[in-house]
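In order, the protein sequences belong to chains A and B.
Counting from 1, one number per residue, gives the positions in the first sequence under the working numbering.
Counting from 1, one number per residue, gives the positions in the second sequence under the working numbering.
Please keep in mind that the hints were generated in silico from the structure rather than gathered at the bench.
Going by beta-carbon spacing under 7 Å, a handful of chain A positions derived as facing chain B:
hint, residue
1, Tyr81
2, Ala87
3, Pro90
4, Trp91
5, Leu100
6, Gly101
7, His134
Some chain B residues close to chain A (C-beta under 7 Å, calculated; not the full set):
hint, residue
8, Val176
9, Val177
10, Asn180
11, Leu183
12, Leu184
13, Lys185
14, Ala186
15, Ala190
16, Pro198
17, Trp275
18, Pro277
In this text the structure is predicted, and so the values were computed from the model without any measurement.
Glycine residues also receive a C-beta, built at the ideal position from the N, C-alpha and C atoms.
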Amino acid sequence: MPQQETPSVELRNVAVQFGSYTAVGSMDLVVKDSEFVAVVGPTGCGKSTILNVVTGLKSAAAGEVLVFGKPLTGLNGESGYMLQQEALLPWKTAEDNVALGLVFTGHGREEARERARRWLAKVGLAGFEKRFMHQLSGGQRKRVAMAQTLIMEPRIVLMDEPFSALDVHTRRLMQRILLDLWQADRRSLIFITHDLEEAIVLADRVVVMSAGPASRMVGEVPIPLPRPRDVSALATTDAYMDLYRQIWSLLGAEVEKSYAVQ
Amino acid sequence: MLSSNDAATAPLEGIAAAAAPARRAMGYRTRVAVTQAVILGGFLLGWEAASRLGWIDRFFFPAPSAILGRVAGWATEDGSLWADLGVTLLETVLSFALGITGGTALGIWLGISRFASDVLQPFIKVMNAIPRVLLAPIYTIWFGLGLGSKVALGFTIVIFVAFFNTFQGVREVNPVVLANARLLKASRFALLRHVYLPSATSWILSSLRVSVGMAVLGAVVSEYLGSSAGLGHRIAQAEGVMDAVGVFAGIVVLSVFVVVLDALVDRLERRLLVWRPAPSMDAH
Numbered sequence: 001m002p003q004q005e006t007p008s009v010e011l012r013n014v015a016v017q018f019g020s021y022t023a024v025g026s027m028d029l030v031v032k033d034s035e036f037v038a039v040v041g042p043t044g045c046g047k048s049t050i051l052n053v054v055t056g057l058k059s060a061a062a063g064e065v066l067v068f069g070k071p072l073t074g075l076n077g078e079s080g081y082m083l084q085q086e087a088l089l090p091w092k093t094a095e096d097n098v099a100l101g102l103v104f105t106g107h108g109r110e111e112a113r114e115r116a117r118r119w120l121a122k123v124g125l126a127g128f129e130k131r132f133m134h135q136l137s138g139g140q141r142k143r144v145a146m147a148q149t150l151i152m153e154p155r156i157v158l159m160d161e162p163f164s165a166l167d168v169h170t171r172r173l174m175q176r177i178l179l180d181l182w183q184a185d186r187r188s189l190i191f192i193t194h195d196l197e198e199a200i201v202l203a204d205r206v207v208v209m210s211a212g213p214a215s216r217m218v219g220e221v222p223i224p225l226p227r228p229r230d231v232s233a234l235a236t237t238d239a240y241m242d243l244y245r246q247i248w249s250l251l252g253a254e255v256e257k258s259y260a261v262q
Numbered sequence: 001m002l003s004s005n006d007a008a009t010a011p012l013e014g015i016a017a018a019a020a021p022a023r024r025a026m027g028y029r030t031r032v033a034v035t036q037a038v039i040l041g042g043f044l045l046g047w048e049a050a051s052r053l054g055w056i057d058r059f060f061f062p063a064p065s066a067i068l069g070r071v072a073g074w075a076t077e078d079g080s081l082w083a084d085l086g087v088t089l090l091e092t093v094l095s096f097a098l099g100i101t102g103g104t105a106l107g108i109w110l111g112i113s114r115f116a117s118d119v120l121q122p123f124i125k126v127m128n129a130i131p132r133v134l135l136a137p138i139y140t141i142w143f144g145l146g147l148g149s150k151v152a153l154g155f156t157i158v159i160f161v162a163f164f165n166t167f168q169g170v171r172e173v174n175p176v177v178l179a180n181a182r183l184l185k186a187s188r189f190a191l192l193r194h195v196y197l198p199s200a201t202s203w204i205l206s207s208l209r210v211s212v213g214m215a216v217l218g219a220v221v222s223e224y225l226g227s228s229a230g231l232g233h234r235i236a237q238a239e240g241v242m243d244a245v246g247v248f249a250g251i252v253v254l255s256v257f258v259v260v261l262d263a264l265v266d267r268l269e270r271r272l273l274v275w276r277p278a279p280s281m282d283a284h
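So that you can see chain A by itself, here it is in the shape it has in the complex (with noise of 0.2 Å):
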């Protein structure tokens, strides 16, 4: 790092109860300025609680929660979670449910859904706009999610788990439509999966968590994939493989382990 830049979100020592049962240990997480982080830990080690301890929603037992410098208090307002299960008004069309970010923080109607109209087109979804929830499949669905997240212009975006219901060949079209737009305006992004390879093929950082309870980071991995990247063809390089070993070494590990717990 040539210059000391405030990082986007900066977690230290977070520990993270539930009652009694410790659901975080420690975590030591620094996410940098328009920088993609990705979070992989097995099943139940507390992912989806950093996002919620990033966005407010849940609050630390421990440690320090710092946003652009300043200790978070109440809900994140810098921040867009994208949440893992299906959040759309059924009784609103694509394009209302898009504008709704806009229309709860005081934007005309009108303006908001014009706003919406140019988020359903860069997510693919142009002449989607009056479609209700139940006429758009799965993967339209989350893209509308999607552009419900991004049209707040968050400075932090978090996204958890937000294609892990979708088949391979919508998961990789939506990771496609997820990087375009990344790419065209970096954001800083933290995005929970727990599948290894969207990690690698998305992110610039790919964090692993230790098997829960009380997980902790167990290491980090800079990605150095050149980017624009091509998701498709990256999967067969030398490069990814490596990385893909390497990431495994720490993971599996932790895998097992909450397997022995269960």
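Fit chain B to the given chain A structure using the hints.
Below, chain B alone, put in the same frame as chain A:
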């Protein structure tokens, strides 16, 4: 009493079937409608014949033609039907509107505020346990024989239906959807308007459905027990002189009245629930 009800519900189903999307399977729909017409016609003809041939006592079971004749007479010759119908309609609409407003507001409030619901639940349960019709005499004492006591009874009946449905609807709002709306910085009012209310719409609409009948019930029962106008009053008067034709005619008019109101609610429902997947998919 029972037979008259059957006769009145048959056309109701006919209306519903004709209104349902009839793009394909026209043959099937026609078959349903024809069968319904046959059942209704057979029933009415059988009744008419039995009455005319003296198989059943005409004094207690007047022929359908006599009943319909009486209704026609009320409607045209002396025209007195319209005044009574107007009175009952006003009472129904008022108790319906007030009850729905009150019940929906209460349902939303208790649905959102856990504290309020925990505090008020037992009281509501106890009040709901009172057979509402028995309140009619006390309302008559309090509010007199006029409009007030009728609306009070209808309101008391409707508010509970609306309340329980709305409460349920608000309680069943998907927590993930709610969390997402909060993350998008929705204010409390925005949550109410964009999430809670639309989510509870189908429940509120089903409460409208039931409430229409309930509001009529409240108005008519109250009229029946003591009043100077309205359909209930008309039926009570006919009963007072052992005029079965008059009682049946009153019931027929009431049934048609409810069917029309129900059709209006049906229309409203289809308009408000356009976002829903078409229910015809699993109709057969």
